[in-house]
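Enquirer: Those protein sequence lines, which keep their order, are chains A and B. Residues are numbered in the working numbering as their position in the first sequence, beginning at 1, plus a constant of 251. Residues are numbered in the working numbering as their position in the second sequence, beginning at 1, plus a constant of 251.
Don't read these hints as lab results, they were simulated from the structure. It is possible that some hints are incorrect.
The list makes no distinction among identical chains, and a pair is therefore deemed to hold if it is satisfied within one copy or across any two copies.
What the hints assert, rightly or not - Derived SDA-like pairs (lysine to any residue); straight-line CA-CA distance at most 25 Å:
1. LYS350 with GLY326
2. LYS350 with VAL298
3. LYS350 with ALA300
4. LYS318 with GLY273
5. LYS359 with GLY326
6. LYS359 with GLU390
7. LYS359 with VAL381
2 protein chains.
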Amino acid sequence: MTILTNPMSRALELARAAADAGEVPVGAVVVDPATGEIIGEGANAPVMAHDPTAHAEIIALRSAAAKLGNYRLTGLHLYVTLEPCAMCAGAISFARIGKLIFAASDPKGGAILHGPRFFGQQTCHWRPEVEQDEASDVEAGDLLREFFRTRRG
Amino acid sequence: MTILTNPMSRALELARAAADAGEVPVGAVVVDPATGEIIGEGANAPVMAHDPTAHAEIIALRSAAAKLGNYRLTGLHLYVTLEPCAMCAGAISFARIGKLIFAASDPKGGAILHGPRFFGQQTCHWRPEVEQDEASDVEAGDLLREFFRTRRG
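Generate the whole structure from the sequences, applying the supplied hints.
Expert: Right under this line is the structure:
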């Protein structure tokens, strides 16, 4: 059983691991808020995994659901280093995540504060509490900026 | 190699198989339009698979990408018996599907004609051609209506 005082630190580690593997650096962990236990985690991996759905959040949700033997993760918390896209927002809603905590916002592809703002749609039938982790915003964003800068260079 | 003259017939078969397994009846197939070959397919399975992301479309896209060894399915067509949700619309966009053909529309949870209308969002960076298959609309919808009628009874 892995217990962390700051699950976003683990999500940032997973984001760095993604970058080391040549993937856009995003990491995510699913946590039981009652115990602090990490139930699932994921590092962004679509290119290497040959899987268009292999965002960090999807991998973390799928591994948590497999571990618990239940497609609903009711009340669990999801920490992710980047504002989720529409695909991941939909998955978070289906999984009945209790609270979403994200670090950097994503004006280009995010679906929480931007674009479809999915949790505010009438076709969204479960809305988690949402919090932006301002303390990790810069570190998560720097990882992304550094990744794209070196890819361009 | 499986070649079908009507991929929606196969998607409807997969939807019936989902219902037989106690899952909401939705089926999907990924097809190469040049050859008619089915590259991937899926039947809705979140409850049985313990996977909140296991919609028919996600399973079909993941299996096609695994088969081709590429997370991009550029130009391939996706047939699905129900209008995709936001999660699946996002995945369809990431996979670079060339054309989406769906049967029944879904005012409660759809994200193509309803709710976020994801492909029209500025945060959507790849839009497939979209077609509603009117010929299969009633059959696909009847499967869903029958499923929910018997579950209520």
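Enquirer: Each hint: holds or not?
Expert: Against the structure, the hints:
For the identical chains of this complex, LYS350 and GLY326 are intra-copy neighbours only, at 7 Å inside a copy versus 37 Å across copies, given an alpha-carbon limit of 25 Å. Taking identical chains as interchangeable, the C-alpha atoms of LYS350 and VAL298 lie at most 25 Å apart only when they sit on different chains, with a minimum of 22 Å there against 28 Å within one chain. Taking the closest pair of Cα atoms, LYS350 and ALA300 come within 25 Å of each other only across two copies (23 Å); inside a single copy the shortest separation is 28 Å, beyond that limit. In the homo-oligomer, the alpha carbons of LYS318 and GLY273 lie at most 25 Å apart only across protomers (22 Å), although the nearest pairing inside one protomer, at 27 Å, exceeds that limit.
In the homo-oligomer, the alpha carbons of LYS359 and GLY326 lie at most 25 Å apart only across protomers (24 Å), although the nearest pairing inside one protomer, at 29 Å, exceeds that limit. Proximity of LYS359 to GLU390 under the C-alpha cut-off of 25 Å is restricted to the intra-copy arrangement: shortest distance 18 Å within a copy versus 38 Å between copies. In the homo-oligomer, the alpha carbons of LYS359 and VAL381 lie at most 25 Å apart both inside one protomer (19 Å) and across protomers (23 Å), since each shortest distance falls under that limit.
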